[in-house]
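Combine the two chains into a complex, taking the hints into account.
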Amino acid sequence: MAAEMRQPIESGCPDGFQYMHPVMLRNYGQWKYHEHPRPGVLLHVAHSGDKIWTVKAGTTRILDVFALRKLTEIGDKLGDGFVRFTIRSNIEYMVADEAKVEPMIAALEEAGFIVGGTANSVSTLSHTQGWLHCDIPGTDASGVVKAMMDELIDDFRNCDMPNRVHITTSCCQINCGGQGDIAINVQHTKPPKINHDLVGNACERPSVVARCPVAAIRPAMVNGKPSLEVDERKCICCGACYPPCPPMQINDHEFTQLAVWVGGNHSNARGKPTFQKLVAAGVPNNPPRWPEATAIVKRILQCYKESAKDWERINDWIERIGWPRFFEMTNLPFTKYHVDNWRGSRSSLNASTHIRF
Amino acid sequence: MASKHYPTPMLDVLEEGPWPSFISGFKRLRDEHPDERIRSTVNGLLGQLEHSYETRMGYWKGGTVSVFGYGGGIIPRFSEVGDAFPESKEFHTIRVQPPAGNFYTTDMLNQLADSWEKWGSGLVTFHGQTGNIMFIGTTTEGTQHFFDDINEYGWDLGGAGPCVRTGMCCVGAARCEQSCTSEQVVMRHLMNNFTDDVHRPALPYKFKFKVSGCPNDCVNAIERADFAVIGTWRDDMKVDQAEVKNFVEAKGRQYVIDNVISRCPTNAIALNDDDTITVDNHNCVRCMHCLNVMNKALHVGDDKGVTILIGGKRTLKIGDLMGTVVVPFMKLEDDDDYEKIVEMAEEIIDFWAENGLEHERCGEMIERIGLVNFLEGIGIDVDPHMLNNPRQSSYVRTDGWDEEAENWFARKREEKASA
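Residue numbers (the numbering used here), protein chains in the order written: chain A, 1 to 357; chain B, 1001 to 1419.
The hints are simulated quantities; they were obtained by calculation from the structure and are not laboratory data. You may find that some hints are simply not true.
[Stated by the list, open to error] Under the rule of at most 27 Å between Cα atoms (straight-line distance), these lysine-lysine pairs were calculated in the DSSO-like manner: (1) B:K1206 / A:K336; (2) B:K1061 / A:K77; (3) B:K1245 / A:K32; (4) B:K1089 / B:K1027; (5) A:K51 / B:K1238; (6) B:K1317 / A:K193; (7) A:K272 / A:K234; (8) A:K298 / A:K277; (9) A:K234 / B:K1317; (10) B:K1206 / A:K277.
[As the list claims (entries may be wrong)] Every beta carbon over 10 Å from chain A, so not counted as near; a handful from chain B, in silico: (11) V1293; (12) N1295; (13) G1301.
Where is the CB? At the ideal position from N, CA and C, for every residue including glycine.
Next comes chain B alone, as it looks inside the complex (with noise of 0.2 Å):
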């Protein structure tokens, strides 16, 4: 049963051009693909997208869909408009997880891709902005078949909805000499936890975990996270000369002022006479920006750990957040800095089920009850690494000044004793 296909003028003018197209894509699955399910799905979804196109306007809603034992993962889409393209009417996406690092190997990639073409319109895209594979459209009945299919070889669903959301970490120390944690190791632990969380959405809103090894952030976790874990090192950097002579003799030392020396947030870097350089390690803020630029020459340290910044979102409801420090360093070495971590984690979300109101990012719960009563809601001590600078309105009561000053000298005493 051949179908007409929908005409697509205006989609037609993205076939042409360098980069490659997926209209051209999707017209191989609707012209090529042996199985006439794909070929008719794809047909309908070409001609809803083009009408989407000539009338500015989209068409497709939600619902409720999910699989046998879950609540959530799938993002359901109806068509508003089936009736004149009923080939793709039911159009959902199911979000699954990565592996952490988002490695695969081909025979992987190609096993999902038969799982799919049995069950789905044979769309994928690695991976979406939350970080999940999207395979993008099936009927509510094909989820669930491709669902226990690819979960009988090891892969399980991602988060929609209120619930914590599928994490993202970088390919770090995989591939990566500016790493300064386990990134994926971090990220599985820490999801893995939530599994439950994950899949059953109870949470005031969405929750995402991101791991980057370095400050470079690689994945965005400091502006995308509610929990952002961000590798760092607290010993110095480690400089090896004679690749710092070679870098100043291949580009010269104007060109070493202008882009490594000057650069310095802190001035914390000097250029010596005899071409070696000098770091004040103590006024570093490991930026990274050196390191980046002479890679071959400057290293990050020994003494390797995390910095942990929570409360990172987009723009709704309040604005845009970053993340704000709330652990500026933590060693992530062995089980018991795991089960720290984790702890903290689940001390952070159970908090924030709590208190935070409907559609309440964690950041902006903060925003709203003060950093103070959050770090006093999860049991860690104000630091002022936390802060870009101490308070300017005197708008403040200080009645218990004394006992807070005296708690700041007992926590010196006890960090000096335990070092």
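Just chain A, same shape as in the assembly (with noise of 0.2 Å):
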């Protein structure tokens, strides 16, 4: 440390306008319509007439430099060199020449990638970290959104679903992947296993006691050694109490699941923006493939498919067709923890004689 130390310049977010096509800055706020061309293109046009066509490819998401590297080349050759990447990791080509971009879609199919994602598709399932990186997963997340997407790869090539369809996967239950159409997040089904022993020196007691959303977590002496129990019979076995107090092991190779939610959807688009609700739970963490997780998605998918009218997001097929109708379709057991028993789910209750037969 004895040379100086570089100050760091605190430039913050970079100004997009730099790396943006030129056909986009040029009509920038001055765009007329858009057309939907074949899947995984877009065409926008302005209302000085130019256009730009846009071309969409599913990636890994998580980027070796070689396939990043692979897809700047296809950028440079056949495109314009001007590029970005969409909420769900997607990346976009944009072009001012029509002609590239058929030349463009056979390039990224042969180099391994997949277009497509634009309009009603099932789009790439957004993901956090899981055991790749995450201090504290339940799960992985890059291996559950691989071996879905394969199963799921027609309905992002296609395009053809009633509406567009976002996945989300979180791998512990504060859920960084959000909300989605359908979510596939971990469900912890029994309390922290606690390593008195290490609670003293590793965790600061009162903010780990403050952290619980049920107050099941009390100081105490363990062993002649400060520690903290959980009254397990309050506990909600949420995890929340794990990240600021790592001898609390929330995660269990058994009792660490998986559980399925639909209905979330943020536009505002008809309807309010929604949350997602609990449709299935005790999914097995069945690495490497979770097929068990796979095929639950897939079967509320084909429901949707078939049932939904266009234009219906899932929570606007539900809640045309009833939550009951719902579980019949989709095979999914109806049970007690459907029921929700959280602050203001009074709400959730049907204070009504609106029954459908």
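Spelled out as structure tokens, the structure:
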């Protein structure tokens, strides 16, 4: 540390305009309409008459530099050298010449990337870090996505669902994956296992107590050492205590399971935005391919595709057909665990005689 | 010194199937990268990941790593099974703020790849769930070198920990006909006012800004941002009746009735006998559905601005919260407008920093203290647009009613006078 350390340049969020395609720069804020010429391709037309084509492709999300260089090489050789990434980690190439579209699609497919993900597709699953990099994961993320996208690839390519489908995964109950039309999230089923020898030194005990959503944790002396204990009758097994206190291990090779949620929709289109609802739990956390979770997701998607009307997102569809019919169609069991008992839960009860027969 | 490859029988299964495989990518780095450091690091990583797959447990723990001058921006990872897989025992992620709108040139991506190969594992994600470029996997020393390198050509760290986090905005005005604001400009005004709060975590918990150009909310601001800025408009939507007729002709009247007219949440759109449409703009709630279906015929209005919703967040601790309306409409066009929104953000963050409990998101604080106390704290008047409906419970003291009623009428008079 003898050498003088370099002071950071606190430049913050870089200006996007410097990396923007000149046609987009020229027509900034002046777009008139768009078309969807084929799956994976968008055409935007400006008031000026200028046009820009976008070719969209799914990737591994975690890119090795070889894959990244392959993507940039395709953009250099066959495109205009301008790209962006969507929030679901799909890459988009913008080109001003329609003649560049087909060769670019061919090159992307040739290199193993999947062109699609536009309009009414099942887009790439958004996911978190999982076993690859997270410090509190109950499962993997990239592996779940790879295994599921292998099965959902036609819906990514063909874009022929009733409306778009966003699927997310989360590898703990903090749920970094966010809300989705379908979400596959970790669901712990047992309280944390506490290593009382380590708690006193590793954890700031009052913060851990404060972190518990149901006040189930209290300070205690265990074997003569300051530690924490959990009231297991109150514990909801959320794992919130584990990040601030790693000796309160929540993950378990058997009791950490998966749950499937549906109907999260952030768009304001038609109804107001909605949160996702629990439909299935007790799904085994079964690497490397998680076949049980994938089977449930595919079944829900199939029912949605067959029964939903055009433009209905999954939440719109279920609102129309009702939850009893949803459970019947998908052949998922309805249990007492589906009945909410968290704060505000009364608003989820049917306080009417509106019953479908 | 060719190291032995750890066996990866479970991960190998993820090389099968049509979707591109991240495991194949890892193996390319392990087997083909010219730099022995990268080959060996990724070998260790594959070994540890296989171990996780076999035992169904994670083996990373956090720690404290940052770069000189900053307190955050790095996700430190030390392996708990570093003795078994020493090659990747330090494997930190560097969070880097992307350009607003996530635009890149291929040249810039190549330059970032060059820097990352010099100091890191060669694994990168565009982007993480918060919105950062995630450069995944380097040592404590590599962290500083890589940052020094890319910081010189325009890149800065994102947020990690209890701080203002990296922001997100949609593609917006750059390529979308439904854009109602200059998303990238809004986002940079907000983010770059809080650079200090991004780099030096000292808030109760995380705070996220997200900007969507219209109510379709493509960056999921309403559910994921403490401060959601969503574009909208307040004059009439634009109707190109010739295009309406083309649409009706192409799709049929029944389709238009089923997919446009009857889907309007406030029955504000009608199909006329001559295949034109009439819009009841006062009762249109700008949901975007009809514009999405008929995007050649229907367009957002000219008097554009934004709605600001505060308090969206995910599960922990009290359950998921949507952002709720705090500013129904404001113009965002000139420097004064931008100054106003930045000041409002400062006011909100200051109030929350003062009143939020440790690890309490802004929305959770509002839930705890009530919207009215929050609004009074940040100096914003109550407004019926903030509610689904007025109070249902009669358990309330109303002894300040006359004064509050007078405030309302005074505000209305003022609005009328300044209109």
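Okay, the hints, checked on the actual structure:
1. B:K1206 / A:K336: violated, 34 Å
2. B:K1061 / A:K77: Violated - the C-alpha atoms of K77 (chain A) and K1061 (chain B) are around 42 Å apart, more than 27 Å.
3. B:K1245 / A:K32: Within the cut-off at roughly 18 Å; holds.
4. B:K1089 / B:K1027: At roughly 18 Å apart (the allowed maximum being 27 Å), K1027 (chain B) and K1089 (chain B) satisfy the hint.
5. A:K51 / B:K1238: holds, 21 Å
6. B:K1317 / A:K193: Since the Cα atoms of K1317 (chain B) and K193 (chain A) sit roughly 20 Å apart, the hinted pair holds (cutoff 27 Å).
7. A:K272 / A:K234: violated, 34 Å
8. A:K298 / A:K277: holds, 17 Å
9. A:K234 / B:K1317: Holds - the C-alpha atoms of K1317 (chain B) and K234 (chain A) are around 15 Å apart, at most 27 Å.
10. B:K1206 / A:K277: holds, 25 Å
11. V1293: violated, 7 Å
12. N1295: violated, 5 Å
13. G1301: At about 14 Å from chain A, G1301 (chain B) clears the 10 Å cut-off, so the statement holds.
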